[in-house]
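Protein chains in written order, with this note's numbering: chain A, 1 to 338; chain B, 1 to 343.
The set of hints was computed from the structure by calculation and includes no laboratory data.
Don't take each hint at face value.
Unchecked claim - In silico DSBU-like links for lysine-lysine, alpha-carbon gap of 35 Å or less: (1) B:K244 <-> B:K128; (2) B:K128 <-> B:K224; (3) A:K182 <-> B:K244; (4) B:K182 <-> A:K182; (5) B:K244 <-> B:K228; (6) B:K244 <-> B:K224; (7) B:K155 <-> B:K318; (8) B:K224 <-> A:K182; (9) B:K155 <-> B:K182.
To be verified - Not the full set, but computed from the structure, chain B residues with beta-carbon under 10 Å of chain A: (10) S95; (11) H179; (12) M204; (13) Q207; (14) Y210.
The model shown is predicted, which means the values in this text are computed figures rather than measured ones.
For glycine and all other residues, C-beta sits at the position ideal for the given N, C-alpha and C.
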Amino acid sequence: MLVLRPVELTDLPQLQRLARESLVGVTSLPDDSERLRDKILDSCTSFEQTVQNPGPENYFFVLEDSTTRHLAGCSEIVATAGFSEPFYSLRNRHFNSASRELNIEHGVPALSLCHDLSGHTLLRGFHIDPTLVRTAYCELLSRARLLFIAAHPPRFADAVISEIVGLSSDDGHSPFWDAVGKHFFDLPYVEAERLCGLESRGFLAELMPQYPIYVPMLPQAAQDCIGQIHPDGQVAFDILQREGFQTNSYVDLFDGGPTLHARTRSIRCIEHSRIAEVRTGSSIDARGRYLVSNDSLQNYRAIVAELDYTTGQPVTLDAAICAALKVHEGSLIRLIAL
Amino acid sequence: MIVRPVQVTDLPALLALVRQAGRLTSLPTSEERLNHRLRWAQRTFAEQVERADADYLFVLEDDDRQVLGVSALTGAVGLREPWYNYRVGLTVSSSADLGIERHIPTLFLNNEMTGQSELRSLFLRPDKRQGSHGRLLSLGRLLFVAEFAHLFGDKLIAELPGRTDEQGCSAFWDSVGRHFFKMDFNHANHLSGLGNKSFIAELMPRQPLYACLLTEQAQAVIGKPHPKAEQALKILSAEGFAHKGYIDIFDAGPVIEAPVSSIRIVRDSQLLELAIAPPDDQAPVWLIHNRRLENCRITATAARQVGDRLIVDRFTAKRLQLQPGDLVRAVPLHPRQPQAVAA
Chain A
1 MLVLRPVELT
11 DLPQLQRLAR
21 ESLVGVTSLP
31 DDSERLRDKI
41 LDSCTSFEQT
51 VQNPGPENYF
61 FVLEDSTTRH
71 LAGCSEIVAT
81 AGFSEPFYSL
91 RNRHFNSASR
101 ELNIEHGVPA
111 LSLCHDLSGH
121 TLLRGFHIDP
131 TLVRTAYCEL
141 LSRARLLFIA
151 AHPPRFADAV
161 ISEIVGLSSD
171 DGHSPFWDAV
181 GKHFFDLPYV
191 EAERLCGLES
201 RGFLAELMPQ
211 YPIYVPMLPQ
221 AAQDCIGQIH
231 PDGQVAFDIL
241 QREGFQTNSY
251 VDLFDGGPTL
261 HARTRSIRCI
271 EHSRIAEVRT
281 GSSIDARGRY
291 LVSNDSLQNY
301 RAIVAELDYT
311 TGQPVTLDAA
321 ICAALKVHEG
331 SLIRLIAL
Chain B
1 MIVRPVQVTD
11 LPALLALVRQ
21 AGRLTSLPTS
31 EERLNHRLRW
41 AQRTFAEQVE
51 RADADYLFVL
61 EDDDRQVLGV
71 SALTGAVGLR
81 EPWYNYRVGL
91 TVSSSADLGI
101 ERHIPTLFLN
111 NEMTGQSELR
121 SLFLRPDKRQ
131 GSHGRLLSLG
141 RLLFVAEFAH
151 LFGDKLIAEL
161 PGRTDEQGCS
171 AFWDSVGRHF
181 FKMDFNHANH
191 LSGLGNKSFI
201 AELMPRQPLY
211 ACLLTEQAQA
221 VIGKPHPKAE
231 QALKILSAEG
241 FAHKGYIDIF
251 DAGPVIEAPV
261 SSIRIVRDSQ
271 LLELAIAPPD
281 DQAPVWLIHN
291 RRLENCRITA
301 TAARQVGDRL
311 IVDRFTAKRL
321 QLQPGDLVRA
331 VPLHPRQPQA
341 VAA
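This is chain B alone, in the form it adopts within the complex:
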C-alpha cells in the first residue's frame, strides 16, 4: 500500500471514487473538470506551477495498482482570490453603573488564513477503512510537508465539514448565508467546491455578526464538525492540530490549524538510511517517505530503527522505489507509541 502523486491514467478510477464520495470531497464529479485537476496536479509535482496555484493530489494505491483513496494538499490558499473565514471573537457589552455585563460571541469575517496550506479532499473507499490506510492517506501528506517545507505556508489548515441535517441543510447557512446569497446551501457549497469562491467576496456581509442574533439552531452548530469528520479531527488533533476559533463561512464547521514546525510528524521525523532485513514481530508501524517530489512514494509498514538506519522488508523498499543505503524520511505512524531505543 502506497501513497503517490496522482497520474492522468488514474482518471477512470478516481472518477468512480469521487462519485462514490458524493459531497464529501471538494473534488469535481465531472470527467472534464477532474481531468483538468489531475493534469494540474501533475504539473504541480513537476514544480511547474507557483505556490499560489499548487495542488498536490495524492492517491492511495494497493499492491495490485488499485486506487482506494484520495487526499489533497494545496500550496497556499487565498493568494489568487480572497480566502474567507469567520473568526469567533467576543464583544463585551458592559456598564458598571447598571451592573450589566454581557459576553457576546461575534463572528468576524477575515482573510487571516491567506498564504497557509490546506489539507483537503480526503476520501477512502468505505470497504478499505481498516488498519492504517486512513492514517497513511491523511498523515502521508504531513510527512510530505516535512520533507518539502519550503513549498508550503507556515501553517497547515483543514476545514472540517460542519453539521447538516439528513437533507444536507445547514442551520448556520439558513440563518446567515441564505440571506446574502439567496440560494440554498447545497448550491452554494457546490459553487464553492468548484473553486468558484470569488462570489463570496462579492456577496458576504462585511460587518461582524453577533452570534446571539442567529437562530438557536445556527448558534448550536458554530465550530462543530459533522459526525463524519470526527475521525479526521481525532487523527489531526493527535498530530497537534487545534481549533483556534476559525470557522467556515458556509456551514460554520471548524477550521483546524497547526504551525508546520509543531506538527508531530514534522517535528519527530528523521532522515534514516534504509536497510533490508525481515522485520521482527514487535516492530512498530512507521510512516516512510522516499524524499522524492515527482516520484514521491509514502508507505506505512512495520520497521525498526537501529541507530541511523531503518530496517524494513524488501517489499517496502520496492514500494518506495529505493535501494538499501538510500535515505528515507520516517516517523512512527502513531503518536505516543514507545519508540525503539537506539542502540
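Isolated chain A, as found in the complex:
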C-alpha cells in the first residue's frame, strides 16, 4: 500500500534519488545531500513544533510503499512563502495608454518584479515516480497536503499558491530565461535553477530587473512561454485546478510558468472533506474511492482507499487500512471522494 507520511531522516538516500530524477525547475529539491538533510530536519522540526500562526515551517511529505519501503514521490508545503526573505514573482499587468488626439487607446502588458505573494502558503516540491502519473496516487501525493491544511488551519495562511514549472526544451533551454533572466544573471537556465535549489532565492534580489519588462518587446518564443506549463507539470496543474485553484497575473521569473492561487477555505479538499468516526471490521460493499487522512500532525498519514461511506455515518476500515493510517476504533478520520 502506498502511504503518505512526513519525511524522516532515514529517507535521505531515497530522497536524493528523487531529487536527481525530478525535472529542472522543481527548484526546491536540491541534488545535494547536505541541503536535503537540512531540509528534512527543518521539516521534522516543523511537524514537532506547536504553532499558533503560520511562520517559517516547512512540511515535507513522502509517498512510501509500506511493504517495500520504496519512496515513490514527495511533496511539500511551505507555511509562509517569503517568510525570511521576499518571495519574488513577476506580475503581468497592462500599462494603459491613451491619446484622445490620435484616437488610440491600448494596453501594453509588462512584467514587473514583485513580492506580492509573500505571506501566502506555498505548495511545492511535487515529484512522483513517472509510472504513477495520472493514477490515484498522484492525487494522493498532491491533495493530501490540502487535507493536512484542512486538519491544521492555524498553521497556514488564508491563501495558498503553487508555481507550476514553465516551458523548457529537453536540452534545458527555456526561451523565457534566454530572453529575460540570462541578460541579468549571465547563467544558463539549468544552472540558475540549480542555484535556486541550493541557495536561497534571496540572491535574485541583487540581480533581478527592477524595471518592468514590456512583453511585446520580447521575442515571440519568450512571449509564448508566459503562463505556459511544461508538459511534465500538467498533471500537478490539473489536480490543483480541480481543487479550485486558478491562474492569475503572476508568473515565475525564471521560466514564465504560471502561478496557481486559491483562498484556503474554498479549496475543495478543505471545504468539502468530511470527518468520520472509524469502525474496525471488513468493508463489505466498497462503493467509491476516497482520499483518507488521519488529521494527525507528526503521525500524519494519508492513503487512497475503497470505502462504503455515507455522510454523517461512521466508516468501516479494515485492519490493513487502520494500520496504515495509525487509527483504531473510535478515531476520527478525514476523507474526500476521489
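Fit chain B to the given chain A structure using the hints.
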C-alpha cells in the same frame, strides 16, 4: 551669399525646397502650414513671441535673390508641451557571491532638454553643397546665438536623424515605439514633425527600458546618426558639440549638445569695426554678422582682421547692409585655422 530671416514672400521658393528635401527637414510640405510657419518666424524676429514659442527660420540667399537653403533655431524646447528623449544610462546587475557582474545599458525617458534651444530643419539644395555654403547656413545660427544669447537656453542641441533602411524603416522604432503607438515609423515621425508631439507623452512607456531586451538590430542603431547626417555631425562636433548619451525616442538618433558659452563660434567671436579695402589673396574666410535681429544678415567671406577692424570688400558691406565704421560680430569660419595676428 547671405543668411537672413525668412520672409513671407519666400513661400513659393521655400515650398519647392522643402518638397525637394522630403523627410530630411521637419518643415511642413503643405503650403498652408508652411505659410503659417513663415509668419510665425517673422513675428519671432520682430520679438513679438515668447521664448517658448520662438521659431527662428533662416534662408540662404545668393546675390540673385535665389533661396538655396533653409535652417532653423528654436527659442526653447519643451516649454509648451513636454520634450522627450531617452538617456542611455547604465544598470549594473551584480552579485559578489555568484561572481556575476552585468552592465546593462538602460534607456531612461526624460525631459532634461527642457528649456534648451534646438538647431533644426537644415536643408541646402544638393547642387549648391560646395564651398562654404553649408557651413554658412548651419554655423550662421551659432553666430546669431552669440549676438543674442539672452534669447536662448544655456545649451544648444541638435537631434540628428537615426539609422533607417532604404524604405525609411527604423529598427529601433520596430523594437520599441511600434508596440506603444501601433503605427509605422513614417507616420509617427510625420506626426512628430508637424509639431504634434503631445501624443508621445500620452503613449510612451514611462519606465526605463533595458537595451538588452531590444532586438539586436535596434541595439545596433542606438545613438548612431543616419549617414546623411554625418557631415552635419562633423561640422557641429568641430564647434564643440558632443553626444552625451541622449537619443531620439523614435529612431534613437543621437542628440548632440553644447553649452552656448563653450561653442567655438560664440567663444571666439569678436566685435570688430567694418573697414573696406580689397582683400588680399591669403585672407581667411570669416563668418560675419551685422548684429541686427529683424534685419539680420550673416555672410561668409574673405576678410582680414587688423586690430579692432575687420577688412572686407565693399560687396560684403553691402550684403550686410552696413557702412564702414559699423560694428560687426565676426569669427573665422573654420576652426583651428591660424588667425591673422593683430598688428
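Here's how the hints hold up against the structure:
Distance check on the hinted pair: K244 of chain B and K128 of chain B sit about 32 Å apart at the alpha-carbon level, within 35 Å; holds. For the given pair, K128 of chain B sits about 27 Å from K224 of chain B by alpha-carbon distance, which is consistent with the 35 Å threshold. Between K182 of chain A and K244 of chain B, the direct Cα distance comes to roughly 29 Å. Compliance with the 35 Å bound is thereby established for this hinted pair. As the CA atoms of K182 of chain B and K182 of chain A are separated by approximately 29 Å, the hinted pair is consistent with the 35 Å bound.
This hinted pair checks out: K244 of chain B and K228 of chain B have alpha carbons roughly 21 Å apart, not beyond 35 Å. For the hint pairing K244 of chain B with K224 of chain B, the CA-to-CA distance comes to about 13 Å; that is within 35 Å, so the pair holds. Using a Cα cut-off of 35 Å, the hinted pair K155 of chain B and K318 of chain B holds, with the two alpha carbons roughly 33 Å apart. Our distance criterion of 35 Å between C-alpha atoms is met by K224 of chain B and K182 of chain A, whose separation comes to about 26 Å.
A threshold of 35 Å between alpha carbons decides the hint, and for K155 of chain B with K182 of chain B the separation of about 34 Å falls inside it, so the pair holds. Using the Cβ-Cβ criterion of 10 Å, the hint placing S95 of chain B at the interface with chain A is satisfied: the shortest such distance is roughly 5 Å. With its C-beta approaching chain A no nearer than about 4 Å, H179 of chain B sits inside the 10 Å limit, and its interface hint holds. Interface restraint check: M204 of chain B against chain A, minimum CB-CB distance 8 Å, threshold 10 Å, status holds.
Residue-level restraint check for Q207 of chain B holds (minimum Cβ-Cβ distance to chain A is 5 Å; threshold 10 Å). With a least beta-carbon distance of about 6 Å to chain A, the hint placing Y210 of chain B at the interface is held under the 10 Å criterion.
No hint from the list above goes unmet by this structure.
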